[in-house]
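S.K.: So the chains spell out like this:
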Amino acid sequence: MKYLRLVVANLGRHKLRTILTILSVALALFLFASLRSVTTTLAATAQFGGARRLVTLNATGLVFPLPLAYGNRIKAMPHVTGLSWANWFGGKYGDGKRFFANFAVDAESYLAMYPEIVMPEDQRQAFLKDRTGAIIGRRLLTQFGWKLGQNVTLQGTIFPGDWTFTIDGVYTPTDPAIGDDVLIFHHDYFDERIGRAGIAGWYIVEIDDPARAPAIAKSIDDMFRNSSSPTKTGTEREFQASFATMWGNVSFLMSTIGLAVVFAILLVTANAMMMSARERTGEIAVLKTVGFSDRLLFALVMVEAGALALTGAVLGLGGAKLLYPAISFNGAGFLPGFTVTTSTLILGVLVAVGLMLASGLVPALRAARLPVVQALRHVE
Amino acid sequence: MIPIVYNVRSVVQRPVSTALTALGVGLVVAVFIGMLALANGFRAALAKTGSDRNVVVLRKGADSELSSGLGRDVVSIIAASPHVAIGADNRPLVSPEVYVLIPLAKSFDTSQVANVVVRGVSDQVWTVRSNVTVTEGQRPASGRAEVCVGSRLVQRFPHTGIGQTLHFGGRDWTVTCHFSAAGSAFESEIWGENEQFMPVFRGEVFQSITFRLKDPAAFDDAQRALQDDKRMTVDAHRESAFYAQQSQLLGNILSFLAVVITGIMAVGAVFGAINTMYAAIASRAPEIGVLLTLGFRPTSVLVSFLAESAIIAAIGGILGCLFALPLNGIVTSTTNWSSFSEIAFSFRVTPQLLVAGLIFAVVMGVLGGFFPALRAARLQVVQALR
Chain Y
1 MKYLRLVVAN LGRHKLRTIL TILSVALALF LFASLRSVTT TLAATAQFGG
51 ARRLVTLNAT GLVFPLPLAY GNRIKAMPHV TGLSWANWFG GKYGDGKRFF
101 ANFAVDAESY LAMYPEIVMP EDQRQAFLKD RTGAIIGRRL LTQFGWKLGQ
151 NVTLQGTIFP GDWTFTIDGV YTPTDPAIGD DVLIFHHDYF DERIGRAGIA
201 GWYIVEIDDP ARAPAIAKSI DDMFRNSSSP TKTGTEREFQ ASFATMWGNV
251 SFLMSTIGLA VVFAILLVTA NAMMMSARER TGEIAVLKTV GFSDRLLFAL
301 VMVEAGALAL TGAVLGLGGA KLLYPAISFN GAGFLPGFTV TTSTLILGVL
351 VAVGLMLASG LVPALRAARL PVVQALRHVE
Chain L
1 MIPIVYNVRS VVQRPVSTAL TALGVGLVVA VFIGMLALAN GFRAALAKTG
51 SDRNVVVLRK GADSELSSGL GRDVVSIIAA SPHVAIGADN RPLVSPEVYV
101 LIPLAKSFDT SQVANVVVRG VSDQVWTVRS NVTVTEGQRP ASGRAEVCVG
151 SRLVQRFPHT GIGQTLHFGG RDWTVTCHFS AAGSAFESEI WGENEQFMPV
201 FRGEVFQSIT FRLKDPAAFD DAQRALQDDK RMTVDAHRES AFYAQQSQLL
251 GNILSFLAVV ITGIMAVGAV FGAINTMYAA IASRAPEIGV LLTLGFRPTS
301 VLVSFLAESA IIAAIGGILG CLFALPLNGI VTSTTNWSSF SEIAFSFRVT
351 PQLLVAGLIF AVVMGVLGGF FPALRAARLQ VVQALR
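If you read the protein sequences in the order shown, they are chains Y and L.
Here our numbering is used: the first residue of the first sequence is 1, the next is one more, and so on.
Here our numbering is used: the first residue of the second sequence is 1, the next is one more, and so on.
The hints are simulated quantities; they were obtained by calculation from the structure and are not laboratory data.
Be aware that one or more of the hints could be misleading.
Partial list, computed: chain Y residues near chain L (C-beta under 8 Å) [unchecked claim]:
(1) L20
(2) A28
(3) T60
(4) R98
(5) I158
(6) P160
(7) G179
(8) V182
(9) W247
(10) I257
(11) A264
(12) I265
(13) L267
(14) M275
Since we're looking at a predicted model, the values are computed, not measured.
Glycine included, every Cβ here is placed at the ideal spot set by N, Cα and C.
Could you build the full structure based on these sequences and the hints that come with them?
M.R.: Laid out in structure tokens, this is it:
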């Protein structure tokens, strides 16, 4: 430990350089953590959603509805314990620049099936009783400056006109897949306004045993195979995953860029660290003369490199870990549940260790192997 | 002035350090160019989709073709409008279109499904959309279950070869031709006859009506006439503006990402460059002392070291351009969230982007070199020589 002061003194010699080195390592690892989190968040959406819920869509495509009559037939199937349905509304608020999801649901069965939608009991009751009521995710409060009990008017894009809803409840989702920037309103009211009852956008089917999901999904699809609207049924997780794959190559691009970023900044940083170590040739020779062993000098140089890299790593990774929850970042709605995972942090630390080796090894070996006489001559 | 040869020689004198710094700067520049090329390519694909001479009519309030719906009565009102150009066969150049999304499995991985646009068009469309040309095969015959497939879909989806059969909407469709559309988003679509698609998809309703303007300058008059018509409730958009607006959401996200990511990277690289230059100057203090003794002014020393830093960065910039160039033309695909459809587009590395990348590199070099160069210029001769 007595050598710690020597390391600290060495780091303090060029304060500006030390600070800049630490900051550039911190920036590299901050970016690394951010970009990797985009990929992990997209991949994780496939893990969200209830294992006991299936989603039934029209096989022709997302935009095609299903007859409401299918509901009773699905409900009557064995192992099906609950059923609800919803319809995409696609309304916009204000200038419409900020997109948010809004859809009509069969409120009572929907809320029963989604315990992840958490809100006070009195708000839930108020919503169930209010035909023109709506509930919203917590994020919409700050996003649009809405308040509980306020009337809000959406412009329908698919279903024209002004639609006014009363905000009866504000919920906090316990599962990121639910989304905290969603407005949900009554399917009854929707049917009444558009005058087209008997249509569902998609069904949510609750089953008793997740292990039976593939078999049940198949029997639902078989039942409607030769009807006017064949269905496509999958687990909620598959449904979520299909949205993630719609990004196509974008997440691959993100990870490639992430690698390039890390590599670029680390190159520059490692170079700067090596150059500053090289300046000390004479000093190391003096230390050797006064009796510092080769091994000790090797260790001292490595510790110095490690201190720079790890301080940078703590700042960068810690910054990313703390910053995103603090600003409740969700990528403008595209990355619900954005978090920097532990595996990302561990990888980040490994990158820092790699940097320590890359930047410390060459000068440390040089220091250890330096012939004293030659080095001292060099100084003169 | 200190001759620039001095800096070039100093740079060559320490090849490893120069190469590392230049490589770092080069990667930053490559990412900068690459990300902007992506945003560029996406915007270009959608911008080229629309023509200035065409007008797209949607139901009032609909922000995309997907959410729109228009009856046959609207088609006849528009076809009779004096603003519509007349074709060689004396018929109005109008294409009432059915627009739906269907899930299609990809060639390389059939578990990956993309939402592909299926567009039902009238036979006038080949004249209305002048950038569309059939590259292979025959146009679908009226009254038959035939489709024409956009060229970007051909490699990426199975069963899209000529003579093969695609199954969607509960029916089989024979592929009779492939078409190209100057790299626009149409190339990611499947086209067929509107009257064939209506019964299998959404019934007696069109999603949009596209027509050729008789006088391209008279768009405002045409827009007013159509939107004020009491018999229908529609919005008329200039086709070019409509598709440009469809690219806004994702285009802005991509540009924003490019700026933020490369911004943070650039700061890191500048810090690195500052360190490298400080170290370089510290190890060359006696040399600088000699220069000052010889009578070179501190300003010359400052300029000289700035130039040196800029040279290293410029080498990096050139490396970055070389890294980014092979990206040009690579086809990638993603979902355009404004229309919810998958669209394929290519990276577009333009000369302007390359120049911007080089300038970006030199700016990083100058910023990184400034304070170290200032230190060099302020060195005390006696101290430096000792």
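S.K.: Name the hints, by number, that the structure is in violation of.
M.R.: 4, 7, 8
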